[in-house]
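A.B. asks: Listed below are the residues making up each chain.
There are 2 protein chains.
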Amino acid sequence: MSQGGAMGERDLIRRISEILGGVENDDCAVIDAGDRYLVATTDMLHRQTDFPDIMNPWQMGWMAVAVNLSDIAAMGAEPAGVLIAAGLPPEADLYFIDELFSGFGDCAAYYGTRILGGDTDAHQELTITGTALGFVEKDLVLRRRGARVSDLLCTTGALGGAGAGLRAWKQGELQSEFIVKLLEPEPRLKEGRLLAKSRAVTAMMDNSDGLALSLSDLSEVSRVGFVVYEDRLPIAPGIEETVGHEEAIEMVMSAGGDFELVFTVKPEELEAAKKAGEVTVIGEVVEEGIWMERAGERRRVQGKGYEHRIGGSKID
Amino acid sequence: MSQGGAMGERDLIRRISEILGGVENDDCAVIDAGDRYLVATTDMLHRQTDFPDIMNPWQMGWMAVAVNLSDIAAMGAEPAGVLIAAGLPPEADLYFIDELFSGFGDCAAYYGTRILGGDTDAHQELTITGTALGFVEKDLVLRRRGARVSDLLCTTGALGGAGAGLRAWKQGELQSEFIVKLLEPEPRLKEGRLLAKSRAVTAMMDNSDGLALSLSDLSEVSRVGFVVYEDRLPIAPGIEETVGHEEAIEMVMSAGGDFELVFTVKPEELEAAKKAGEVTVIGEVVEEGIWMERAGERRRVQGKGYEHRIGGSKID
Numbered sequence: 073m074s075q076g077g078a079m080g081e082r083d084l085i086r087r088i089s090e091i092l093g094g095v096e097n098d099d100c101a102v103i104d105a106g107d108r109y110l111v112a113t114t115d116m117l118h119r120q121t122d123f124p125d126i127m128n129p130w131q132m133g134w135m136a137v138a139v140n141l142s143d144i145a146a147m148g149a150e151p152a153g154v155l156i157a158a159g160l161p162p163e164a165d166l167y168f169i170d171e172l173f174s175g176f177g178d179c180a181a182y183y184g185t186r187i188l189g190g191d192t193d194a195h196q197e198l199t200i201t202g203t204a205l206g207f208v209e210k211d212l213v214l215r216r217r218g219a220r221v222s223d224l225l226c227t228t229g230a231l232g233g234a235g236a237g238l239r240a241w242k243q244g245e246l247q248s249e250f251i252v253k254l255l256e257p258e259p260r261l262k263e264g265r266l267l268a269k270s271r272a273v274t275a276m277m278d279n280s281d282g283l284a285l286s287l288s289d290l291s292e293v294s295r296v297g298f299v300v301y302e303d304r305l306p307i308a309p310g311i312e313e314t315v316g317h318e319e320a321i322e323m324v325m326s327a328g329g330d331f332e333l334v335f336t337v338k339p340e341e342l343e344a345a346k347k348a349g350e351v352t353v354i355g356e357v358v359e360e361g362i363w364m365e366r367a368g369e370r371r372r373v374q375g376k377g378y379e380h381r382i383g384g385s386k387i388d
Numbered sequence: 073m074s075q076g077g078a079m080g081e082r083d084l085i086r087r088i089s090e091i092l093g094g095v096e097n098d099d100c101a102v103i104d105a106g107d108r109y110l111v112a113t114t115d116m117l118h119r120q121t122d123f124p125d126i127m128n129p130w131q132m133g134w135m136a137v138a139v140n141l142s143d144i145a146a147m148g149a150e151p152a153g154v155l156i157a158a159g160l161p162p163e164a165d166l167y168f169i170d171e172l173f174s175g176f177g178d179c180a181a182y183y184g185t186r187i188l189g190g191d192t193d194a195h196q197e198l199t200i201t202g203t204a205l206g207f208v209e210k211d212l213v214l215r216r217r218g219a220r221v222s223d224l225l226c227t228t229g230a231l232g233g234a235g236a237g238l239r240a241w242k243q244g245e246l247q248s249e250f251i252v253k254l255l256e257p258e259p260r261l262k263e264g265r266l267l268a269k270s271r272a273v274t275a276m277m278d279n280s281d282g283l284a285l286s287l288s289d290l291s292e293v294s295r296v297g298f299v300v301y302e303d304r305l306p307i308a309p310g311i312e313e314t315v316g317h318e319e320a321i322e323m324v325m326s327a328g329g330d331f332e333l334v335f336t337v338k339p340e341e342l343e344a345a346k347k348a349g350e351v352t353v354i355g356e357v358v359e360e361g362i363w364m365e366r367a368g369e370r371r372r373v374q375g376k377g378y379e380h381r382i383g384g385s386k387i388d
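The listed protein sequences derive, respectively, from chains C and A.
Taking my numbering, the leading residue of the first sequence gets 73, the next gets one more, and so forth.
Taking my numbering, the leading residue of the second sequence gets 73, the next gets one more, and so forth.
For reference, chain C alone in the conformation it holds in the complex (with noise of 0.2 Å):
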C-alpha cells in the first residue's frame, strides 16, 4: 500500500475485515440454519464498470444473477434464491425494465432457483445488488481453506473464453463466438454440488476474476502455495490460434469472467471428483508461493488477475 495511492480491493477489505472484527474470506458468508448451513453473498455491478457497452439488458439481467449463483457453486451449495436491487436510470425505459428483469428471472430459474424479491429505486447509472442465497449440508460445506500439500489442483471447464471475449469485444471482432461466453457466463452450480458430494474436494472458489488471483486467494486462506502445469491448462479451444500461447496464457492467468470452479482434491480420490463432469488436474498444492512450470522449469506467478481498484483511499 503505497503512501497517498489508490488502495487495491483485498487491501481494502482487509482493512474492513478489521473493522468488522474479522470477516471470513469465502465466496459466501456462511451462517447455521439448524442442520444445515445457509450461505449467501452479494455483488454490486455498474453499467460503466462491469457491463461491456456490447451487452443487451436481458444479458445484464442474466449476469448479475450468474456471478452470485457463481459464489453459491463454490461453496458446494443447492441455490435457494436470489435478491434484487436495482438503481434505474432516467433513460431506463419499460422495454429496458423487462428485458433486465427478464434476464434476471431466466438465470435464476434455468439454475433452477427464482428471483424471491428485492428493491429498485432510481439512480443515475444502472447499478444492481444481486445477493444469491443456498443451503449446504454441514459436512459438505467447501470452502478456500483445507488445501493440503500434495493435493491435486483442478479446475472446471475451458479457461481464457471469457478473456478471448473481452479481447474480441475491444476489437470489435462481434461476431466471436467467445464474445457470447464473456456476456453470459454460466457459473458451475451442477458440478459444484457434486464436487461437494464427492467429499475428494479439500478447498474451492470460483475463478471469477482470472486464475491468478484465485490461486493468490486460496493460498493466503489455505497458507499453502501452488504450482500449475503450463501444458495441462485446458485453454479453450480457437483461442491459441487466434491470439498465439504466451497471449492465451495470459487470459487464462489474469482474465476475469470464466466463472469456472478452481479445487483442490486428494490425489487417491480423483477419480470420485471427475464424476463432477468436465474436470482437468492442471497442477499440485505445495508448500509455498504461486509457480508456473514449464517444460520442468518453474517461475514464480504474480497475483494479478481483475482486481478492482479503489480510487483514492488514501492512506495517512
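There could be a bad hint or two in this list.
[Stated by the list, open to error] Computed cross-link-like contacts, DMTMM-like style, restricted to lysine to aspartate or glutamate with a CA-CA straight-line distance of at most 25 Å: (1) C/LYS210 x A/GLU150; (2) C/LYS269 x A/ASP107; (3) C/LYS210 x C/ASP122; (4) A/LYS210 x C/ASP104; (5) A/LYS262 x C/ASP104; (6) A/LYS242 x C/ASP193.
Simulated from the structure, these hints should not be mistaken for lab results.
These numbers were taken from a predicted model, which means no experiment stands behind them.
Starting from the known structure of chain C, fit chain A onto it as the hints suggest.
C.D. replies: Just chain A now, kept in the frame of chain C:
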C-alpha cells in the same frame, strides 16, 4: 399510470412481479429452511437521494443496516446477519471508510447480529446495498396479509419524529432533537419478536415510508380497509408545539423514516400484544378504504407516503 409519465415505485413493482412470475409483497422474502423460515431483505441507498447532507459517514453506515433490520423486525424474525455491498466514490478517504464501516458494524452489534461479508467497489456516487437475513419459527412469522375486519390497528412507539427531523434539517434547525431520530433510526427488533411470540398479531409491516402508505400496502395484501382515530395517534412529543396539529398529522401519515411497526391485533388479545412494549391502538380494521376519523367524522386518506418515483419509465 399516465401516458409518458414517470412510473411510481409500487406500479413498477407490480409490473416486475408479473415478469418474475409473482413476488410476494412482504417486508422480507420468506424461504423454507427446515423447521424455520429464513427471511431476507435488500435495500439500496444512494448518497444524494437517501442520506441527508448533514449525515456523517458513521450515520450512513448505521442507517444502511437499520433500514434492513427493520424489515426483519416486521416479520417477527430474529436477525442472523447482514451483507453489505458498497460502491465507494473517489472522494471517500480512509476516515470516511472507517467511519462508514464502523456504522455498519455498530448497528448490527447493537441488535445482536453482525456483518457477515459483502462486496466493495468504486462508484461515482456512494451507493450501499444492505441485505439482512433472519430466522423465524414457521407458526410465528408475521406477514402483511392476515388482518381481519374488527381487528385493532396498532403501532409501536411514537410517530412523526423522523418527519419533524426532516423539516428541522430543511429549515436549518440543526439543534432539533428530531434530527437524531431522522439520522439514526432504531428499528423495533425486540418488539417485533415479542409481538410474534404473543400470537396476538394478525398482520404487520414497518412504517418506513409513512403510515398512510403502510396502511395502503396492508390494505391491498390483506384485502381490508382501515379507520384511524386521529386523536389516538401517538404523535412524538414536541412536534405539535412546533408545527401545529395539522402539520403534525401530515408528518405522521406521509413522512418516511420512523421505522415503527404497524400491525393488527385480535381484540381479545390486546393485552398480550401490549407486553411487547410501547403499543398504541390507533384504529381498527374495516371492510374497505382508508379513513381518518376526527370528532365522529370520517374522511378518506390517500395513500401518499414517501414513494420513490422512477423517472422516465415510459408507458407505450
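A.B. asks: For the pair supplied as a hint, C/LYS269 and A/ASP107, is the alpha-carbon distance within the 25 Å limit?
C.D. replies: 23 Å, holds
A.B. asks: Taken at face value, is the distance from the CA of C/ASP104 to the CA of A/LYS210 at most 25 Å?
C.D. replies: 17 Å, holds
A.B. asks: Does the structure keep A/LYS262 and C/ASP104 at a Cα separation of 25 Å or less?
C.D. replies: Holds - the C-alpha atoms of C/ASP104 and A/LYS262 are around 21 Å apart, at most 25 Å.
A.B. asks: Hey, A/LYS242 versus C/ASP193, does the alpha-carbon distance stay inside 25 Å?
C.D. replies: 23 Å, holds
A.B. asks: Can you confirm whether the C-alpha distance between C/LYS210 and C/ASP122 stays at or below 25 Å?
C.D. replies: Given that 25 Å is the threshold and the Cα spacing comes to 34 Å, the pair is violated.
A.B. asks: With the threshold set at 25 Å, check whether the alpha-carbon distance from C/LYS210 to A/GLU150 stays at or below it.
C.D. replies: 21 Å, holds
Of the numbered hints stated above, the single one contradicted by the structure is hint 3.
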